[in-house]
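Keeping the supplied structure of chain A fixed, place chain B upon it in accordance with the hints.
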Amino acid sequence: MTYNRLLLIVAVLLLVSGCSRPTAARPRVTKVLPPPILPRFEAVEAGRLPFRHDNGSSGRFYYPEIVGPGCGLFDFDSDGWLDLFLVQGGALPGARSRAPLTNRLFRNLRNGSFAEVTARAGVGGVVAGVKSYGLGCATGDFDGDGHADLLVTNFGRCQLYRNRGDGRFEEVAARAGLTRSGFWTSATFLDFDRDGRLDLFICNYIQYRLGDDVLCGKDLRERDYCPPGYFPPTTSALYRNRGNGTFEDVTRRAGVTSPFNKALGVVASDFNRDGWPDLYVACDLTPNLLYLNQRNGTFRECALERGVAVSEAGEPQASMGVDARDSDGDGKFELFVTNYWMENNNLFRPQGDGFTDESYAAGLAQPSLPKVGWGAALRDFNNDGWLDCFVANGHVLMKPEFTTPGAATRQSNQVFVNLGRGNFRDVSASSGPDFARRRMARGAAFGDVDNDGRLDVLVANNHDAPVLLMNRTPRAGHWLQLQLIGSRSNRSALGARVTVSLPDRTLVDEVRTSYSFASANDHRLHFGLGAATVARLVITWPSGQRQTLSNLSADQCITVREP
Amino acid sequence: MRIRLLLLCLAGLIVVAGWRQVTRSNRLRPQPNPLTAWRSAAEDLERRLALTPGDAATRSELARVYFVHEEFARCLEHLNTLCIQQPGNAQIHARLALTQRSLGQMVAALASARRVVKLQPNHAEAWQLQGELLAAQGLDDAAIAAFDRALVLNSASYEALLGKARSLETLYGEQRPVSTAAILRPVERAVALQPERTDGLNTLARMLFTLTGEVARATTLARKSLRLNPESAYPHLILAEIMLASPTAGQLTEAAEHAQAAAERDTRNPEPLYLLGKTRWRQRRVKEAIAALERSLRIRSLPQTVYLLSLAYQRDGQPDRARRFAEVYRRWNGFLEQRKVLQAALRHRPRDLELHCRFAELYLSTGDVAPAENWLRKAELLAPKSPRVRQLWRGLEEQKRNPPPHPFAVDDL
Chain A
1 MTYNRLLLIV AVLLLVSGCS RPTAARPRVT KVLPPPILPR FEAVEAGRLP FRHDNGSSGR
61 FYYPEIVGPG CGLFDFDSDG WLDLFLVQGG ALPGARSRAP LTNRLFRNLR NGSFAEVTAR
121 AGVGGVVAGV KSYGLGCATG DFDGDGHADL LVTNFGRCQL YRNRGDGRFE EVAARAGLTR
181 SGFWTSATFL DFDRDGRLDL FICNYIQYRL GDDVLCGKDL RERDYCPPGY FPPTTSALYR
241 NRGNGTFEDV TRRAGVTSPF NKALGVVASD FNRDGWPDLY VACDLTPNLL YLNQRNGTFR
301 ECALERGVAV SEAGEPQASM GVDARDSDGD GKFELFVTNY WMENNNLFRP QGDGFTDESY
361 AAGLAQPSLP KVGWGAALRD FNNDGWLDCF VANGHVLMKP EFTTPGAATR QSNQVFVNLG
421 RGNFRDVSAS SGPDFARRRM ARGAAFGDVD NDGRLDVLVA NNHDAPVLLM NRTPRAGHWL
481 QLQLIGSRSN RSALGARVTV SLPDRTLVDE VRTSYSFASA NDHRLHFGLG AATVARLVIT
541 WPSGQRQTLS NLSADQCITV REP
Chain B
1 MRIRLLLLCL AGLIVVAGWR QVTRSNRLRP QPNPLTAWRS AAEDLERRLA LTPGDAATRS
61 ELARVYFVHE EFARCLEHLN TLCIQQPGNA QIHARLALTQ RSLGQMVAAL ASARRVVKLQ
121 PNHAEAWQLQ GELLAAQGLD DAAIAAFDRA LVLNSASYEA LLGKARSLET LYGEQRPVST
181 AAILRPVERA VALQPERTDG LNTLARMLFT LTGEVARATT LARKSLRLNP ESAYPHLILA
241 EIMLASPTAG QLTEAAEHAQ AAAERDTRNP EPLYLLGKTR WRQRRVKEAI AALERSLRIR
301 SLPQTVYLLS LAYQRDGQPD RARRFAEVYR RWNGFLEQRK VLQAALRHRP RDLELHCRFA
361 ELYLSTGDVA PAENWLRKAE LLAPKSPRVR QLWRGLEEQK RNPPPHPFAV DDL
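Order-wise, the sequence lines are chains A and B. The first sequence begins at 1 in this note's numbering and counts up one residue at a time. The second sequence begins at 1 in this note's numbering and counts up one residue at a time.
If we strip away everything but chain A, and leave its shape as in the complex, we get (with noise of 0.2 Å):
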């Protein structure tokens, strides 16, 4: 009797195990995995970098105001330290006059200080006397010379400044052929074409005239900036490099025209991949846009059948930042995006040949609802192989309390240690003093400053100083960077996809410059280790040439050349 009992509950329980319904979420961590190291930042000090972004405000409330500004870290002097680039507003109609506003460059002196050199670089951004009002940047060799070049977003025409190589840059945007005006926000280098020349995808935000301005908030003595939706979209430019210093617009014969488009954001990378570039575009309120390569010279948008336009609920969402990577160890790239306040930030994990949006799920989406989020991005700032999540926050209402309750103009950044397998946790509030700070964030440039080998951050605020946050994480992990260089492939190997094999995992990425907001940041891959010493690599090439490096030992950065 008693063993029949007995069997009877086992049936029942093996019944009620074969029938319950699956889960929502899939189980993702199948090990227990060691506590995460907790990464720590340290501002530098306001002294070291003397500026100050300028919005030109006058009560006007002129929508470029509140855009800006992105930042830039690269190697402009090519001598293996980052170099900082700081984007300046300009002087908008009614703005009461202020010392001359420029863009301004700083070397990197290596030894935690920097040292402006815009005039002799020619950066600053003053045509016959006036500044361009600048909003962004990005970087790439796009004349192969083995120099980084430098393209200024403005409200109005770019610049684009090709590097002599000797300190000096000279502005060559109308020679080149970027002629257009525009509310040009985010852009990126990239060769859509795979003829070893870097292109140029530049984000188109609306179309606006100053004095465009409809009044907005709640009254005339309180009046503040308008929602997008009072603006039409308009159309981003694409731009091919046609190999003797001009380029050439193919945004209509490349069909990168979606009549959504308010582009702030933009991230190229092989989503799908086929060995070729596409492009996610950040769009504020209007559905943001996936341009999947046809390998002909053109591109088909798809955001929508892919999961990664919208909000679950169907609903455009203000976006501004993204940045692509895998942050859960299984080799595809999720797509991370940063939405307006009570719309939460977005991390799309690839799922067949869509993705679905998992925030939830990863910890990254409540603690987003009551910020802004702009600059970007998922980073190993701890070096233990598995990518972090660092948020530049801040409104763009200048009376945020009254419609956004709660939501303040100034807002904290956040950084999130990935607890293994793409689980995030908030951990500003332990990350330094810094994270305790209110700005009015935008772009958020990432890089290894002091060649320490953990990632710093380089954050530009709205109409404020910027801020340094080195990364002194202690006990970090191991790492490993490297600088590539294309030969049949573009020279500063923009796509290139490399896989690092460590004894119990594998980790990838690709060479990119631009992602997170209007922003321009390291061009060395970096990897954090863990505990692992020694690693295997093996390099695609956008050429479609592999190349694979063995008993690679950690802590170092090394320099590959494309056979």
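To be clear, the hints were calculated from the coordinates, so they are not data collected in a lab. Watch out, some of these pointers could steer you wrong.
As the list claims (entries may be wrong) - Straight line, CA to CA, 30 Å or less: simulated BS3-like cross-link-like pairs of lysine-lysine:
hint, chain 1, residue 1, chain 2, residue 2
1, A, Lys332, B, Lys287
2, B, Lys118, B, Lys378
3, A, Lys399, B, Lys340
Unchecked claim - The following residues of chain A were derived to be distant from chain B, with all beta-carbon distances above 12 Å:
hint, residue
4, Leu92
5, Lys131
6, Thr251
7, Ala365
Built from N, CA and C at the ideal position, the CB exists for glycine as well.
The following block gives chain B in isolation, referenced to the frame of chain A:
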């Protein structure tokens, strides 16, 4: 103690049994057929009116009968006559406005409501109706002003309080400077005034959930509403939304149950089935998600349904369908984007004829004749002899004769 409890239960059973008996006997008693009863009453009144066409009381009663039984066109006929007979009677104009609204004649209804308050400025209900009509036409700023007038005259006007809250919520949705506290205040007051009315409870529950994220209180209110009216679909809908917000496997199951219950209670609303589809999608039950979403779409096409279906088809290995649905969604978004831009421009230039024409054109492009007509009427007021307006009228009449396929319709399920 136990005996007392037993007695109490017994008494309860007797009461229930007695009540059942009464209702059963009521059911057995022959009842007049309500369907034919009102018609014969109306025919009697029509006959009487034929003999004495000037009998305003009879005409008024006849109009009331037609209104109650949703014969709005016939009701309108009689009210128009009454308005001619008694041009200074505010009450008749108020009824005319209500009837015109029921017929979708929003511009005419608004004009009638305005006439009421001109005749009787203290007519609180007319101000409230004016608010509702303005809100229905997307003129929420003016609607709020009208609701405020209604509330000055009757601070306990439940409908005006809810109407004001909804209009404020619409402005909030357009990212206008409206605080969530200002939206919630009138609806909180409405619920305090009549705590057992479910429309207020439902509105408050929904707003608390969507605007402030107060899940616990929203859930309590929705559950209360459900207790008060178990046959209503709306609280189920809110509860399904709440369960979907931060879902565990258990909450997803509950969300599906609520969505299903809402779908059973309101078969004409596509929303419950959309939520059921969304739940199944989250549960990774793609086929079931597609089935629910397709059912929802058959009732009425919602942009979110079209979008989720495009994802589900893609996941289900039907890329062509996915692409087609994505295209419909794109068209939809394009329409919304254009409308947003026009609305903003109109705020800048409220008497711009071209903007009015472009609004009409936009609605004509989607085959939405009623709003197109509204915009043309407004344009006509601005420029009565405009050739552009006349041309658009011709287009509208043509559309009325030959309605084009709706650009957002998906008819090949």
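Comparing the hints with the structure gives:
no. : hint                 : result
1   : A/Lys332 to B/Lys287 : holds, 26 Å
2   : B/Lys118 to B/Lys378 : holds, 20 Å
3   : A/Lys399 to B/Lys340 : holds, 22 Å
4   : Leu92                : holds, 20 Å
5   : Lys131               : holds, 29 Å
6   : Thr251               : holds, 19 Å
7   : Ala365               : violated, 9 Å
The structure is inconsistent with hint 7 alone, although it conforms to all the rest.
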